[in-house]
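J.: Spelled out from the first residue to the last, the chains are:
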Amino acid sequence: MLMRLELIVLLPFLGSLCAAFFPSNARNAEAWLSGIVTVLCAGLVASLYPDVVAGGVVRVHLEWLPQLGVDFYLRMDGYAWLFAMLVTFMGALVVLYARYYMAPTDPVPRFFSFLMAFMGAMLGTVLSGNLIQLVVFWELTSLTSFMLIAYWYHRRDARRGARMASIVTVGGGLALLAGVLMIGEIVGSYDLDDVLEAGDAIRAHAWYVPVLVLVLLGAFTKSAQFPFHFWLPQAMAAPTPVSAYLHSATMVKAGVFLLARLWPALAGTDEWFWLVCSAGAASLLIGSFSATFQRDMKGVLAYSTMAHLGLITLLLGMNTELALIAAVFHMMNHATFKASLFMATGVVDHETGTRDLKRLSGLRHAMPLTTMVAIVAAGAMAGVPLLNGFLSKEMFFEESIVAASDASGLRIVLPTVATIAGIFSVAYSLRFIHEVFFGPPTIDDLHRRPHDPGRMLLPSALLVGACLLVGVLPARTVGPLLETAAVSILGPVLPEYQLAVWHGFTIPLLMSFVALAGGIALYLILYWRKRTLVPTPLLSRFNSRRIFDMVNVAVTRGAGRLARHIYPRRLQTQLLVIVGFAIAAGYLPILAAGYTLGTAPLMTLDPLFLLLWGAGAACAIGTAYQAKFHRLAALIMLGGAGLVTCLTFAWFSAPDLALTQLAVEVVTTVLFLLGLRWMPRRLELDAPRRRTLEARARRTRDVLFAAAAGIGVTLLTLAVLTRPGASTLSQFFLANALEEAGGRNVVNVILVDFRGFDTLGEITVVGIVAITVYALLRRFRPAPESMDVPRAQREDAARAALVGPSFEPLPRGYMRVPAVFVRLLFPMAGLVSLYFLLRGHNAPGGGFVGGLVMATAIIVQYMVNGTIWIESRLRIHPLVLITLGLLAAGLAGAAAWLTAQPFLTALAADWHVPLLADLHVSSVLVFDLGVYLLVIGATVLMLVALAHQTLRSPRRTLVRGDVEQARLQSEGAPG
Amino acid sequence: MELVYSIAIGVLTASGVWLLLRPRTFQVLMGLALLSYATNLFIFGMGRLSKDMPPILQQAATAAGVHADPVPQALVLTAIVIGFATTALFLVVILALRALTGTDHVDGREPDT
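Which chain is which? The protein sequence lines are A and B, in order. Oh and the first sequence: position 674 is 678 in this note's numbering, straight run, nothing missing. Oh and the second sequence: position 4 is -10 in this note's numbering, straight run, nothing missing.
A hint or two may mislead.
As the list claims (entries may be wrong) - In the DMTMM-like style, the derived pairs of lysine to aspartate or glutamate whose C-alpha atoms are separated by at most 20 Å in a straight line are:
no., chain 1, residue 1, chain 2, residue 2
1, A, K632, B, D93
2, A, K632, A, E698
3, A, K534, A, D300
4, A, K632, B, E96
5, A, K632, A, D706
6, B, K37, B, E(-12)
7, A, K534, A, D360
8, B, K37, A, D610
9, A, K362, A, D300
It should be emphasised that the hints constitute simulated quantities derived from the structure, not laboratory data. Small disclaimer: the values here were computed from a predicted structure and weren't measured.
Please model the entire structure based on the sequences and the hints provided.
T.: Structure below.
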């Protein structure tokens, strides 16, 4: 028992991971690996049979999201066992087949890797005991199917087919998810056991019909049922092993698998009968009719798959237990004969280079073995006696009579539909064999000389052997397995049924003979009248693929048009809307509930504070006024407003904020100064449109908006400030900071200890932003006209030329004295920054402030000494600092795991160092060190990257000029 | 005192919003900087104003009302640093925009006349 069930699901994924890393030509190694994985899985599944027989269930529960009722729950009963066996057994054969099918030039790791992943996903789907988990694996099969259909992604049809298949099946999967969530709401659990128990509650619930429709949407899209069948023929662009495995044997069966799985919970109502039966019958008829007229061998098989899945769906819809057993039986039978037919098709394709029924003919001479295999498999598909297809089809005919017995009109309709579909399925099977293998040989037309391949035929032959064996001795071979599966769905009491070739002369037997004779006659008529190679009559007009494309295009265009209509293209308009909504949202409560001031005692006005903010407000308004034409002035005034803000923080007992604001103010100003150089020149004189009426109206409107926003915020702030504040949260921090965290500076304690995880996230953001800035600037090409030498320097040079030798520019080395100063300042600043870092826990300071001070010290060196000078002497690696910072912070958090405590729990120890002092050591300091390093790294990285633009641009213009000159010279020289 | 504080935030907000609605990237950049001052002061103000009561503990047992509210301060402290980072990002984006489109209009092209 141990781990076997987990291994069945886990092994394929591990295999997939390994397979992805093999060299691209390792066909044999890949096949061996995948073969071993599939055989191991099959063996594990087989070894579990004793546990599931007679209604036994193997369960593995792992907690996943227990709060949401979603567990990782593997559950294997007889039915799941049968499917798991099918998936692994088919998987092994397909791997063997693919080894010979794939060309040496194909990149096999991708193929086998996705094939293994698909197998894991499929096993996960059939073994899921939790509905949410089932949907996850379900979508995984869609995803891997997408990858496998698009395996030859250089081909347009492969890409289109993959896209269509994924849109349809993933869309259906979403519907299924919705349905499953609703089931979960009704039942109160996503556990399959509970859901199957609660069938009556689900059927009686008001949501039953929506649930049913959503689940059926998922199942029908997956199983290519009408009207969602169109993706299956398009998916035939996949390599043939994929078609054999996914699109006939396993993945498309997932839909009908689910219908049978949820049969006890959902079936038994009229809604179920009508919805499921009509989709099944329509698919059966359309599929078998269309299959008769396909030119591509795989096209025939694709439509026939649709028809057979329709047959299974129809059986499931009939609401009788016998029909359910027949459906399960046919799922297995169809998988065997259809996969073997696909493989035979692949053999023909491989040997002749074509799958076109028009070109192929008379291959029985060159490929006698293949012909034999294909004939038997096609016989099973047509429902010829002594083959497995006959048995399940017989059961289907019988059920079509039984199920319809109570509804009078259906008495005729269902058996007729069944017989007509039977006729067509005989006709297309016959045609498939006759056109490819019989008739005059056309070997000369083909590029290769076809012959029977050796081992490539083996999987197909094995499957055909199974068809025969089951067909002749059904009760001995498949009987017990089928019973085990049926018991697990229907419970221990099964209805009477007999798996036998001969039931005596019955109506179903008569229907079988009508179908056989009618199918042969139909094909002969079509053949003699040369009607076999025409586009499908009637149905070719209704091309669902084209409808799908049209809908697709219409939706895309409609979305674009809608966006153009409702989405203003101008940023100003968008911002106006946003600001307008924000203002409205702010004023509405005031309008609704009135505006009152609180009665809390206020502080007496300090005239100094008034004066301070007089200056601050002037700075803010000045910035707003000057930002367009006098950027430097605006920048200086912005700094003024920032300083006033900083003083305000200091005033109202927030020393940490004041320190941080001050340091940020410095680096922000440097940043803007560096950026200013790349902005276009803008003079007031150049803007004639400023005076127009329209422009004035617009500005008036904006002033009104700004005033409304400002007044609103003022009122809001005043309303809050006049009411007493009482935050229990703050009381908690104040009460516990010293005792629990050992720090006196509560703000710092909150940052690095209580809310350390937030801070970790924040410094990560800062690091990411810095790297983004760096990356942008590496790509960034400054605007052409700003790449020149700055205007001020040019004018200086021009003035020098005008005035002559008496013009005195600034003397050489005029920065020498400040340079000496800042060099002396550097170690001091470093010391101060470390001081801030270390004392942060108990006094204003901390990693943020310390880091900013250090970054400022470095930037000042750059500014005064120049980039080249500083970088030739002192290499600072900001990226390394960012990395170290994140690592330090992360490790400080992870250290808590060593003592089995949650992430970021502070570890502290007090050591008494003799003669020196009592030393308090804490992992919090390491965390703060991480913050410190990261802030230095990020700030320096951004500023230096911007500063480096100046170094880049002149060199580039120079190079460009040189190239231009060289080109002119080389053009001129020969002439 | 509270009135002055509120008006100060209002003036910063109004100037910021005005700049936010302007057509040139540099104006928007300045506007965002002013708005971030206003926002920081606003959040800080939610802890109420208090003078000479920094949240730095002198002894373990603290009576209520002796210290300023530390929570808004901690929020604002990280907001200041992140604000700097996003300002830098925005600056670089507008420089790249200017280089790519040849204009400093927020829409990436001069308005049609």
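J.: Hint by hint, note whether the structure agrees.
T.: Against the structure, the hints come out as follows:
| no. | hint | verdict |
| --- | --- | --- |
| 1 | K632(A) x D93(B) | holds, 16 Å |
| 2 | K632(A) x E698(A) | holds, 18 Å |
| 3 | K534(A) x D300(A) | holds, 17 Å |
| 4 | K632(A) x E96(B) | holds, 15 Å |
| 5 | K632(A) x D706(A) | holds, 15 Å |
| 6 | K37(B) x E(-12)(B) | holds, 12 Å |
| 7 | K534(A) x D360(A) | holds, 16 Å |
| 8 | K37(B) x D610(A) | holds, 11 Å |
| 9 | K362(A) x D300(A) | holds, 9 Å |
Every hint, counting from the list given before, is met by this structure.
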